[in-house]
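With chain A fixed as given, assemble chain B onto it according to the hints.
Same order as they appear, the protein sequences are chains A and B.
Numbering-wise (numbering that gives the first Met the number 0), the first sequence opens with residue 0 and increments by one.
Numbering-wise (numbering that gives the first Met the number 0), the second sequence opens with residue 0 and increments by one.
One thing to keep in mind: the hints can contain errors.
[As the list claims (entries may be wrong)] Across the chosen pairs, the derived CB separations fall in these ranges: (1) B:T15 - A:D45: 47 to 53 Å; (2) A:K39 - B:P188: 26 to 32 Å; (3) A:L28 - B:K235: 19 to 25 Å; (4) B:N41 - A:G7: 25 to 31 Å; (5) A:K39 - B:Y139: 31 to 37 Å; (6) B:R336 - A:K39: 54 to 60 Å; (7) A:G7 - B:E71: 35 to 41 Å; (8) B:E71 - A:E55: 49 to 55 Å; (9) B:S335 - A:D45: 44 to 50 Å; (10) A:L28 - B:R86: 36 to 42 Å; (11) A:K39 - B:T15: 39 to 45 Å.
[Stated by the list, open to error] Derived pair list, reagent style PhoX-like, types lysine-lysine, alpha-carbon separation capped at 20 Å: (12) A:K9 - B:K223; (13) B:K235 - A:K44; (14) A:K27 - A:K49; (15) B:K49 - B:K114; (16) A:K27 - B:K223.
Honestly, the hints are just simulated from the structure, not real lab data.
Where a beta carbon is used, it is the ideal one built from N, C-alpha and C, also for glycine.
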Amino acid sequence: MMKIQINGNKVEMPDEVRTIEELLVYYKLDDKPVIVEWNKEIVDKDNHTKTVLTEEDQVEIVHFVGGG
Amino acid sequence: MTDRYSRQTLFSPIGTKGQEKIKQSSILILGLGALGTATAQNLVRGGVGKLTLIDRDVVEYSNLQRQQLFMEADAEENVPKAVAATRELRQMNHQVSIQGIVMDAQREELEPFMKEVDLIIDATDNFDTRLLINDLSQKYNVPWIYGACVGSYGLSFTIIPGVTPCLQCLMDIIPAGGATCDTIGIIAPAVQMVVAHQTAEALKIMVDDKEAMRNQIVSFDIWKNEHSSITVNHLKKDTCSSCGIAATYPFLSQANQSQTAVLCGRDTVQIRPSQRAKINLNQIEEQLKPLGSINKNDYLLSFKPFNDLNRVVIFKDGRVLIHGTDDITKAKKIYSRWIG
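Only chain B is shown next, with the shape it has when bound in the complex:
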């Protein structure tokens, strides 16, 4: 056990002092798709002190091609990603304190974590959540590492409050939809390249090696053999509503938080009822049993109607995933048909 981290401590920019700092660090990973599972594995093997994992989704067969902590049985049984990932990670390194949480992370869910984490890793699949992370990062002075990929393309940028521009400074348009894993696919090496950048930056932050920080947006296309690094520090705007002098954190307001979202990677709509009371899955099971096949575990109930193609997954916290459509209106109709 004593030489568990020896190859990392032999690396002089980390050393034994750096390893101790890594052990003292607490990191939040938002999203457990391809990016989140791979970064989580790197951080757990590297000996991070505490890791919090948040994801709202369940494992599907189409995840297995690139989401490295999940097994066939997880897809078969629709195990929540946060549960499956935590199970695997704990076997890799029992010294790390790992908390996997199955939930849809909005402002009120995320805010309590801001005082206890040193860094947020973005492994989400949408800009709604990224802009929320961006505002929380600025408000609570927690750095975050943006990472994203589609097809064979990927990019990453580290956002340090008070030092670098924030995501709002850099994006003049907030994209609605756009290319996703749904429309143009994704290959694993594009994921791993982004993960390599995110993990390296996370290590630098944990050991406090400011000089080594990249300070550039890095992007690549691993199929077209393109690579680019752009220095963007002077794009930091004093007038920015997220990080400027009179910041108002616009994405922390309720009006900017959507209650429905199309999930990346497949045809699925999530519906989040405004009243988030815990619901009684046993009762729902009784109601739906005559109407289709049901698969239930401690976290959720999956329902496949006999004469309908759209599978419905109901979580204990009241969230519902409608599979087989990316049409929010249709999804709401299906929701009201089965759940009321």
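With the rest of the complex left out, here is chain A:
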């Protein structure tokens, strides 16, 4: 069980979440327009599957919605 910080909150991630892409799948955001910041740097979409999360990582996820 890995603990990471997401949008300011500490969250325990299940074992199957190892990469940014898997994190987005976990939050059902993988097919949504998102911007992901990982330890203060924006991760290019092409690198979401390559970027491996480790304990204490800080992740910020912004997803675009349409309501108003």
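Relative to chain A, chain B alone:
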């Protein structure tokens, strides 16, 4: 009257000079749902010089929970949002020049406003219109403030042509549908949080306080207690078709403008005939009177067939709202059944 804006001018980043700049400003708010009504109220109370409000919809009971300028009678009588909002705002501050316009804003309707407004506030509920705003903003060099919310989540970003990335740079996928107020609802504090960000950025732009601009995408979930600010300036793309070196403004072309749209917040489809001649509501009233109950005012005719659940609202400009469905095909069928 003289101390009307005193608490705002005492705030030193604005001051009396800033207040004068606010008075000289002209702002366009697109959309008068939850975001638009609240931002409009803030700007009118704050003494903006001129405010133009555009919305295509009418007030419904399901709006009253969060759309703060509307009254029960507006929902009862299906008053157009632009009319109801203008009426309330004028009572708040007679010094502001307020123009409320009932229309479906597409390229040809919006373009004339671009030369006279200093800022556009996005209070729409769909990406079609936002991408249109995004291209107009770049073409005419007018900043705009994106704002959106669903559920308890919201976000905002200020787009300054030539300075920040544009919406196209930031969104690698253009969402079709997705979570809306229809599917997961919306709570008022999520709206008000977005409104606070949009209004603050609008004030900074009006008083020209560039250093105070946020320059970040801000997002939050007010129920889950999450908050995030991301610096995105380096996502500005030279190759972007909206703001890049060889910009073509793809969303200004007719092919990218839809003629039907599902409205956010309830089961409603809007149909916009390609010929936008003004139609004769009296004539339609005569035709439909035997077939159902009719509610008519100066702007529209609302028709509820006796043996059909789908209410139909016909505007003077030819637009039609089909209530009770989110199925565009079904809506078109209903349209042709009653209107031809």
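Right, here's what the structure says about each hint:
1. Evaluation of the 47 to 53 Å hint for T15 (chain B) and D45 (chain A) yields a pass: the beta carbon distance comes to about 51 Å.
2. Against the hinted window of 26 to 32 Å, the Cβ-Cβ separation of K39 (chain A) and P188 (chain B) comes to about 29 Å, which satisfies the hint.
3. Judged by the Cβ atoms, the range 19 to 25 Å given for L28 (chain A) and K235 (chain B) holds: they are separated by roughly 23 Å.
4. The hinted range of 25 to 31 Å is satisfied by N41 (chain B) and G7 (chain A), whose Cβ atoms lie roughly 27 Å apart.
5. At about 35 Å, the CB distance of K39 (chain A) to Y139 (chain B) agrees with the hint of 31 to 37 Å.
6. Checked against the hint of 54 to 60 Å, the C-beta distance between R336 (chain B) and K39 (chain A) comes to roughly 58 Å, which is consistent with it.
7. The supplied range of 35 to 41 Å is met by G7 (chain A) and E71 (chain B), whose beta-carbon atoms lie about 39 Å from each other.
8. Between E71 (chain B) and E55 (chain A) the beta carbon distance is about 52 Å. The supplied range of 49 to 55 Å therefore holds.
9. S335 (chain B) and D45 (chain A) have their C-beta atoms about 47 Å apart, which keeps the hinted 44 to 50 Å range intact.
10. With their beta carbons about 41 Å apart, L28 (chain A) and R86 (chain B) fall inside the hinted range of 36 to 42 Å.
11. K39 (chain A) and T15 (chain B) have their C-beta atoms about 40 Å apart, which keeps the hinted 39 to 45 Å range intact.
12. Straight-line distance between C-alpha atoms of K9 (chain A) and K223 (chain B) comes to about 12 Å, which keeps the hinted pair within the 20 Å bound.
13. Taking the CA atoms of K235 (chain B) and K44 (chain A), the gap is near 15 Å; set against the 20 Å cutoff, the hint holds.
14. Of the pairs offered as hints, the one joining K27 (chain A) and K49 (chain A) holds, with about 18 Å between alpha carbons and a cut-off of 20 Å not exceeded.
15. Taking the CA atoms of K49 (chain B) and K114 (chain B), the gap is about 14 Å. The hint holds against a cut of 20 Å.
16. Restraint check: the Cα-Cα separation between K27 (chain A) and K223 (chain B) comes to about 16 Å, which is no more than 20 Å; the hinted pair holds.
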